[in-house]
Structure formats: C-alpha cells, structure tokens
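**Q** The chain contents come next:
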Amino acid sequence: MANDPIHQFHINTIVPIEIGGIDFSFTNASLFMVATVAIAAGFLYFSTSQRSLIPGRAQSVAEMSYEFVANMLREGAGSHGMKFFPLVFSLFMFILTANLIGMFPYFFTVTSQIIVTFALSILVVGLVVVYGFAKHGFRFLKLFVPSGVPGALLPLVVLIEVISFIARPISLSVRLFANMLAGHITLKVFAGFVTSLGALGALGIGTAILPLIMTVALTGLEFLVAFLQAYVFAVLTCMYLNDALHPDGH
Amino acid sequence: MFVTSAYAQTAPAASETPAAPAGEVHTETGVAHGGEHESAGFPPFDSSHFASQLLWLAITFGLFYLVIQKVIMPRVGGIIEDRKGRIAGDLEEASRLKAEADAAVETYEKELAQARSKANGIADAARNDAKAKAAADRTAIEAELAAKLAAAETRIGEIKSKAFAEVGTIAEETATAIVDQLIGGKATGDDIKAAVAAAKTGA
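Quick mapping for you: the protein sequence lines, in order, are chains A and B.
Each residue of the first sequence is one higher than the one before, counting from -19 in the working numbering.
Each residue of the second sequence is one higher than the one before, counting from 8 in the working numbering.
By construction, these hints were calculated from the structure, which means they are not laboratory data.
Using N, Cα and C, we set each Cβ at its ideal position, and we do this for glycine too.
Keep in mind that a hint or two might mislead.
[As the list claims (entries may be wrong)] Listed below are several chain B residues computed to face chain A (Cβ distance under 7 Å; list not exhaustive): (1) Pro50; (2) Pro51; (3) Phe57; (4) Ser59; (5) Gln60; (6) Leu61; (7) Leu62; (8) Leu64; (9) Thr67; (10) Phe71; (11) Tyr72; (12) Val74; (13) Ile75.
Throw the hints in and build the complete structure from the sequences for me.
**A** So this is what it looks like as structure tokens:
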C-alpha cells in the first residue's frame, strides 16, 4: 500500500556509520535533526542580524519567542530559574521547529520518535535530580514529603509523590511523541481516503470531498498541536525545574 | 545516564542488523528509498536505530544549545535590553522636558502676577495722585473763593457803614431844604443836626 500511514515514520540510513559494532548511521531522522537545528538557529540568527530598535516581522517573532519562554520560566520557576533559560529556550525552539517541519508532506518528524522525546525528557528530569541534589543535598527529598499532611497518611502520600516523579519522564516524552504520531497518522489516513475514494469514479470523487475537508481541518489542528506540544513541554520543564530550585516550596 | 541505558538496549539490536538487508528484499512500496528499511514492527519502537538517533540528537541538540547560549541569547537579550534602555531614557528625557516646561510656565505666571500687581500699583498711584491734586485744587479754589467772599463782604460792610454815615448828612440837607421850602426861613445847622440825631436814635 502506497499510503501506509506508518510508512512516514520509517528510518532510512543515508550514510552508514558503525562504531564498535553499534549502528550510528546518519539517517533521515539525523538529517531532519540537523535541518531543525539549522532552521531554528538560522532563523533566530538572521532575523536579529539587523538589531533594529523597531523590529521587523522576523525580528518580532524571534523576540516574541524569546520573551515568551523567558516569561514562562520566570513565572514557573522564579527569577532563580533564569539560569536554565538557554536550556528551556533550546528545548522549546527545537521541539517547535521539529513539529512544524514535520507538517510538510514527505518530511520526517523528529519528535514522532519515542527515543528522541524520551531522551529530551530524561535530560530535563535528570537535570532536575542532579541540580536538586547538588543545590539542596538531601533536603531535595522534601519534594516527596508535602507539608501539612497527617502522619498516618504520610507514607501513602510519599509513595504517590515518588511514583508521580518517576512517571514524569515517561508522561513528558509519551505526551509529545503520541501527539505527533497520532496526528500524523490521522492526517495520512484521512488523506488516503481522499485518493482511494477519488479512484472510484464520479460518485467517489463526490464523497471524497468529506475526508478532504477533514484533512484540511486536521492540518489546522495539527499546526495548533505542533505549537501546543512545544509549549506544554517547555511549561512542564519550567515546573520541574521549579521543584529542583525550591523543593520545599510547594 | 540515558546513554548507557540506550547502549544496553541497542547492543542486541546491533547484532540483529545483519538481518536487515533481508527486510529490504521485500520492500513492498513502489516508492524509491535511499537506503534499507526495516519491516520489523512499528518504526518508532524499533530499537535498532535508537543509538544513531541518540547520537545525532546529542550532537544536533548540543550544538543548538551552544548556539542559543553563546550567540542567540546575548544578541536577542541585548536587543531587548537596548530597547528597554532606550525607552527608559526617552521617558526620562520627556519627563525632564516636561519639568522644564512646567518651570517655565510657573516663571511666566509669576512674572505675569508681578506685572499685574505692578500695573495695579501704578494705576492706584495715578488715581491717588489725581485725587490728591483734585482735592488740593478744590481747597485752593475754595480758599480763594472764601477770600473773595470775605473781601466782598467787607466792601459791602464798608459801603453800608459809609452809606449809614452819609444818611445823616443827606437827612440834614433834605431837612434844611424842606424847612427852606416850608417856612422860607433858614434853620440853623445845629438844630437840624440835633433833630436828625434825635430822629435817628428815635427811629
């Protein structure tokens, strides 16, 4: 089937590289990671090259995204959190650009690979754990002991807190991955209906309009999801970083 | 941390890769692809590419992070700071100019009030002068008139007393003339004088 909805997620090796028996090939996924970084960094670099006092459109967008993430981080993690600004801004721009590039037909969606989103979430949660212990020592464990809980309930609450903390990297990565994957599959399926119904003759072409409308509507929705998932990832990163900065300040 | 777990996951996967060309043989689509592709399972869960994805993600995202930290952040932050500084400077300049304008208005109003009070003073002085002059003129004229009146009264008194004084002589002459006419004889001056004096006192 030419319109296999899963086909778009296949990884194809472009330049085979093998180090120590492990496959490190440069694949289409790698190519689109490079493209994502090149486009995001290039946009931010060239849109601000004029350094105008009164920004043009491109510079406005770059500044807006910068201030958007800066405000998000300041609200989520306080002014101490601003030391993590490069990371949160990089994450937001990387995921947003990768999601938006994925909206082009025939392009590969980097964020539809669970390993990529999982690596990014592990980076965030790992940073929270490492920074939390480095800054607060064992006081960081207060994170799991909310204040004002009656003694009898405390073990249960601590257990729930620990489980929810462990679930964070999974939920963070699966949310992004599943949204991108499901959205792209749905788009592909509805777009596939258009061609297969269109092949049935006059009546088929008439009914093919319905999935076509659906595809157009879903494309709009997917653009929203592309932005929203980057936003959600960045907001949750800010919240988790807040835990590392203020473990006892729930 | 996550790298080691991925190594662990990809170690068996790497040993499977020789089997991959077999998958290439029954590539089912007519669409041409650059390289081999696995038919095994759902592609996002295919662990044979995890190591490659992690490596390239680390390279690309690491580079991106460095670019953001070293180039983009100072640049965009600098632009925004410059603008904030510029706006704050402009606002300060505007408030300074406003203060200057306010001071100028205040000075102007003060001067206006001064000029007004000065004008009032001049007008008052002029009015007072005119009033004083008019009063002086009037008293002078009144005094002159009073002097003239007094002079006239004294002259009238003089004339009156002179006339009174002449009344005796006239009466004597008249009496002499009457006596002449009535009795044809001459009355002596002394008699007539006595008679007139008697009439005068009797009157």
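**Q** Which earlier hints turn out false for this structure, listed by number in ascending order?
**A** none
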